[in-house]
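Please arrange chain G on chain H, whose structure you already have, making use of the hints.
Residue numbers (our numbering), protein chains in the order written: chain H, 1 to 229; chain G, 1 to 459.
One or more of the hints may lead you astray.
[To be verified] Straight-line alpha carbon distances no greater than 30 angstroms define the calculated BS3-like cross-link-like pairs of lysine-lysine that follow:
1. Lys259/G / Lys304/G
2. Lys358/G / Lys8/H
3. Lys259/G / Lys195/G
4. Lys77/G / Lys98/G
5. Lys175/G / Lys195/G
6. Lys358/G / Lys61/G
7. Lys175/G / Lys137/H
8. Lys358/G / Lys122/H
9. Lys61/G / Lys266/G
Hints are computed from structural coordinates only; laboratory data are not their basis.
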Amino acid sequence: MLRIENLKKSYRLPEGGDIPILDIPSFQIGAGEQVVLIGESGGGKTTLLHAIAGILSINSGSIHLDGIETTRLSEQGRDRVRAAKLGYVFQTFNLLSGFTALENVRLGMTFGSGKHDLNRAKDLLNRVGLGERMNYKPSALSVGQQQRVAVARALANRPKLLLADEPTANIDPTNQQMIIDLIRTCCSDENIALLMVTHSMQVAGQFPRVNRLEEVNHVAKATSKPVGV
Amino acid sequence: MNLFAIAFRNIVQRGFASILTTTSMALGVALVVMVLSIGWLVTESFDRNSNVGYNLIVGSKGGALQLALNTVFYLSKPIETIPYDEYLELIPGKEGRKNEIERIGGRVEDPERAGIFSAYTADGGFAIPICMGDYYGPFRVVGTTSEFFDKLRHGRAGDQEYKFASGRNFEDCSKENGFFEAVLGSQAAKTMNKKVGDILQTTHGDPDGTGHGEEFKIVGILEPTGTPNDRAAFINIEGFYLLENHARVAPDLFRPDEKKVQVDRKSGLDQPARLPLEKRDVSAVLVKTSQGIYAINMTWSINKRNTQAVSPIEEIGKLLQVFVTPFRNVLLILTVLVCVVSAVSILVSIYNSMNERKRDIAVMRALGARRDVILYIVLIESLMIAFGGGILGWLLGHTVGVVGSGYIEENTGLQVGMFNTISIQELVVIPGLIVLAVLAGIIPAIAAYRTDVSRNLAS
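One chain only, chain H, in its complex shape (with noise of 0.2 angstroms):
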């Protein structure tokens, strides 16, 4: 499902001289594999992802995603990929504050398959126990129902591969639990891959695969401190 080669990316400083931030040889994630990247903060998590996304160019290697070799592509087959074949739950939800939950999901349909399934889209948002609440503006809901609908948001275009960063840092710990497994329950049902960063080892432990940031990344190996639970 996602094949990543020798995919190198730095940073150019204002000052000059680069500053490298990925450097991946190899990593891989086979279709509906769940699969969790731990690391610490400032590790190129989140760079990494934008990567796998395309809203990112890198300097070199290769991302193949579903068979297509997205750093081959121009932005504009970038955003079609993306729109087709990811979901995306972001840390800080990034609902859209003037669309209602409703509409927060039915836009995530709007600019892949150009379907708007309004079904699909209540019942994406009923899976996430918001049937009640559709019609309610994000600041109407709290932290870890906009989050839900944020899931439902990355599930509304039936991607292939969905991609959670730090899904649950922002949620009490009441909620973290509820998101994780609204997640992988989710992409179980639709046989979905899941690539989820995070620095939770209590999150990592309950999936069956768990990669080391520093282990995939070779940046983050040179940098690398203990992580903590």
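Here is chain G on its own, set in the frame of chain H:
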């Protein structure tokens, strides 16, 4: 969700700022509509009066424009008069002059011959005398014959007859009122609160002048025409001559009375006496030649005499060039400035919102929205504000016209409805303004297009 729904949500989300921007656009468009409506009023007023129904004004030597202003618009100081004999020369047909002399009676030169210009006005032409100098309240009094309303036409195409909202045209000498009958223009009747059957008394020289004692019976009220005739009072010329100080006292230097022969009335002997010919003057004669081409020869010949002939259309055209065209150009510049200000207000509003919306744009991009889709969403937002504001402003502008229609009609004689002031310019300028406002959305749209997704998601 389609892009229009997303754009509409963004507008709603900005709430008060969106209302202010739309209001600014609406006020801009309303101002443009009002400016164009004023332009329409001015042009329409001139256009309507260009088709006065006659092609020459014959009057005393002097300023041609003053003669036209006085005769067509009833403006400016009263002009010098010309002898009634000059009117006799213009009466259509070989027998026209002779018949008129025998109808009135008095001293006149060579009573048997035809009028010098009678051939030019025969076969469909006419010559209508008018006498001015009196006022009825603030309105000019025009002494004339019943032909004024029978033969003159008005309207843009110059094909509309004068119609009476009530009553009738005055008669040369009616059984009930003799020579003392009057017809009021629509505005004059409304302002003076007069109806058919009421009495009218004129004042001499100016609105505050001394009143003549004679009473004229109002026998007709005209329907509105949108011409200066709406704001005038018309009295029978025979009655006008019988008013105090309206008979000529100065001798006619060009045709001394001693050289004239006395002709007695041969018709209307049962009627009261009329002012004899040698004591009559007219302010001007409205002439329509039977063929348009005759006007050139006639003007040339008349101007060699002690009178002058002017073309009302030509003089109005000059007036239009001197006063109205620059005025309209100023209005047009004002309109362009309003358009630019409205467009800039949309630009500023949407551009200012861009900083707050960078994260939202980045999220939409992360959900798969292409850069051009984001650009379209912002452009659709400016289109909606421009279109919504434009329609509101357009309706507002015309509503103001309707609200002020009473005042406008009172002062110009023109009736302003909701949409009858729409001009070609408006059909170009208003859509142009909307396009301009949409174009103003391009700058913030480009800013949205360039939003760095990764950086704004991370922040």
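Here's how the hints hold up against the structure:
{"no.": "1", "hint": "Lys259/G / Lys304/G", "result": "22 angstroms, holds"}
{"no.": "2", "hint": "Lys358/G / Lys8/H", "result": "27 angstroms, holds"}
{"no.": "3", "hint": "Lys259/G / Lys195/G", "result": "47 angstroms, violated"}
{"no.": "4", "hint": "Lys77/G / Lys98/G", "result": "33 angstroms, violated"}
{"no.": "5", "hint": "Lys175/G / Lys195/G", "result": "20 angstroms, holds"}
{"no.": "6", "hint": "Lys358/G / Lys61/G", "result": "77 angstroms, violated"}
{"no.": "7", "hint": "Lys175/G / Lys137/H", "result": "87 angstroms, violated"}
{"no.": "8", "hint": "Lys358/G / Lys122/H", "result": "28 angstroms, holds"}
{"no.": "9", "hint": "Lys61/G / Lys266/G", "result": "34 angstroms, violated"}
Against the hints set out earlier in the document, violations occur for numbers 3, 4, 6, 7 and 9.
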